[in-house]
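Produce the entire structure from the sequences given, and follow the hints as far as they go.
Protein chains: 4
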Amino acid sequence: MEFTWPIRVYYEDTDAAGVVYHSNYLKYMERARTEWLRKLGFSQEVLREETGNIIVVSEMDIKFVRPAKLDDMLEVNSVLIKVTGASFLFEQSIQKMQEKICSARVKGVCLNALTFKPQRLPAALKSELSHVN
Amino acid sequence: MEFTWPIRVYYEDTDAAGVVYHSNYLKYMERARTEWLRKLGFSQEVLREETGNIIVVSEMDIKFVRPAKLDDMLEVNSVLIKVTGASFLFEQSIQKMQEKICSARVKGVCLNALTFKPQRLPAALKSELSHVN
Amino acid sequence: MEFTWPIRVYYEDTDAAGVVYHSNYLKYMERARTEWLRKLGFSQEVLREETGNIIVVSEMDIKFVRPAKLDDMLEVNSVLIKVTGASFLFEQSIQKMQEKICSARVKGVCLNALTFKPQRLPAALKSELSHVN
Amino acid sequence: MEFTWPIRVYYEDTDAAGVVYHSNYLKYMERARTEWLRKLGFSQEVLREETGNIIVVSEMDIKFVRPAKLDDMLEVNSVLIKVTGASFLFEQSIQKMQEKICSARVKGVCLNALTFKPQRLPAALKSELSHVN
Numbered sequence: 000m001e002f003t004w005p006i007r008v009y010y011e012d013t014d015a016a017g018v019v020y021h022s023n024y025l026k027y028m029e030r031a032r033t034e035w036l037r038k039l040g041f042s043q044e045v046l047r048e049e050t051g052n053i054i055v056v057s058e059m060d061i062k063f064v065r066p067a068k069l070d071d072m073l074e075v076n077s078v079l080i081k082v083t084g085a086s087f088l089f090e091q092s093i094q095k096m097q098e099k100i101c102s103a104r105v106k107g108v109c110l111n112a113l114t115f116k117p118q119r120l121p122a123a124l125k126s127e128l129s130h131v132n
Numbered sequence: 000m001e002f003t004w005p006i007r008v009y010y011e012d013t014d015a016a017g018v019v020y021h022s023n024y025l026k027y028m029e030r031a032r033t034e035w036l037r038k039l040g041f042s043q044e045v046l047r048e049e050t051g052n053i054i055v056v057s058e059m060d061i062k063f064v065r066p067a068k069l070d071d072m073l074e075v076n077s078v079l080i081k082v083t084g085a086s087f088l089f090e091q092s093i094q095k096m097q098e099k100i101c102s103a104r105v106k107g108v109c110l111n112a113l114t115f116k117p118q119r120l121p122a123a124l125k126s127e128l129s130h131v132n
Numbered sequence: 000m001e002f003t004w005p006i007r008v009y010y011e012d013t014d015a016a017g018v019v020y021h022s023n024y025l026k027y028m029e030r031a032r033t034e035w036l037r038k039l040g041f042s043q044e045v046l047r048e049e050t051g052n053i054i055v056v057s058e059m060d061i062k063f064v065r066p067a068k069l070d071d072m073l074e075v076n077s078v079l080i081k082v083t084g085a086s087f088l089f090e091q092s093i094q095k096m097q098e099k100i101c102s103a104r105v106k107g108v109c110l111n112a113l114t115f116k117p118q119r120l121p122a123a124l125k126s127e128l129s130h131v132n
Numbered sequence: 000m001e002f003t004w005p006i007r008v009y010y011e012d013t014d015a016a017g018v019v020y021h022s023n024y025l026k027y028m029e030r031a032r033t034e035w036l037r038k039l040g041f042s043q044e045v046l047r048e049e050t051g052n053i054i055v056v057s058e059m060d061i062k063f064v065r066p067a068k069l070d071d072m073l074e075v076n077s078v079l080i081k082v083t084g085a086s087f088l089f090e091q092s093i094q095k096m097q098e099k100i101c102s103a104r105v106k107g108v109c110l111n112a113l114t115f116k117p118q119r120l121p122a123a124l125k126s127e128l129s130h131v132n
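Residue numbers (numbering that gives the first Met the number 0), protein chains in the order written: chain H, 0 to 132; chain G, 0 to 132; chain D, 0 to 132; chain V, 0 to 132.
Treat the hints as calculated values from the structure; they're not laboratory data. Wrong hints could be hidden among the right ones.
The list treats identical chains as one, so a pair stands whether inside a single copy or across any two.
Said to hold, decoys possible - No farther apart than 20 Å at their CA atoms in a straight line, the calculated lysine-lysine pairs in the PhoX-like style are these:
1) K106 / K81
2) K68 / K125
3) K81 / K68
4) K38 / K99
5) K95 / K106
6) K125 / K38
7) K116 / K99
8) K62 / K106
9) K99 / K62
10) K68 / K116
11) K62 / K116
12) K95 / K116
Below, the structure is given as structure tokens:
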């Protein structure tokens, strides 16, 4: 089950090479994961307030394939590959029309917001993810 | 004639004080101005390619009134106050529901993309703006 | 008494117009104010932990005069103009050699980190600033 | 031969979780690679002007191990692992004192600045890198 989120490229995203600065694709991917969680009924802010936990990226393998440019309209495609007790694995790619701009494997983990120690995923989120997967 | 553009606050926009980092409101305002130009039929990228000119901010007076937070849904309201031969003046404000987050006066100028010398606004844009104003 | 802080321009700071993206000058100015406070013996993180207060920008009037470019070595010059019970006023400018890149008046205020209500400046900081000013 | 570059964490780098936002570590790593090139006598801006080529990241595997926080003083350590005709491979890690914050393998490639087609590394740079490696 793939989740698609549109992103417009603004001046703020580009660099002097005339293309999107590479680390900004990580922001685009996080926006898409956040909106995917929101669609499932989970807000990162509410999660933190209610459970004291946050979800953070622990590993990322990313390939930058083609440059995106100012004013481009992009799509971030996200698929949840795997869920364990305390982590997620996503495959995400960014497309411009039919062209691949970049792709990544992203591992997310659940941490206590104060100690940054790993935590089990909140039960409601885990349950929801099991249905999605 | 007011133009409204919605903005969602993501982790990338916030800082360790738990709120939107102040300079990011300038990005939000630029997204809104860009979308306002796009609605009038002007893309910044096409403008640069066709006329060799770019539009940049030359002055900004900004008041940060209340903090916006993670997951907030904001609105950027933009009104074109004045157009001269080579510059615009905008009033922009960012709201969260009925609360004012920040407000600014923004002066934009038209520059040659290579020399960064001031240029007259392209005729088609000037004409369109005269109708809006 | 002027405080000078050097800044190197990296790709991350520039945009597709080939110059520093305008909102990034606000980051440069905040780095300089932070280092100025550090030189006086105050860390923003320690301030927050010890007093529960944070210092934020409440108003900024900024003029963008000339563009800075990739690899430029800049200087941020900061002068404290005024200190009241709960606020500071700074004049800051960014130079490239003898050329002015931008200049700003920046008002900072002291807020409670949880309620974002205005607070009097911590006594130790106030006292230190009175000597600087 | 390891190259070390110091980085201070400012508010701009942090997010509402109270730590450095993950994509900003990519910026820190690029600053370090840029300074490493500068130490060898190569400026990215001069490279682009003289050869028409730019160096960009094509692949990155990154592990985020521990969070860095506001005011932390970090070190980016960079080692060039391999140089081929058109690409570099770096290992980079970010440390806070003796603690590892994150580590990455970073593949950089040389591209034509206009067409974004792969190019052989400029001879002077290739020669210099062969001595470093």
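_To test your reading of the hints: which numbers does this structure violate?_
2, 3, 4 and 5
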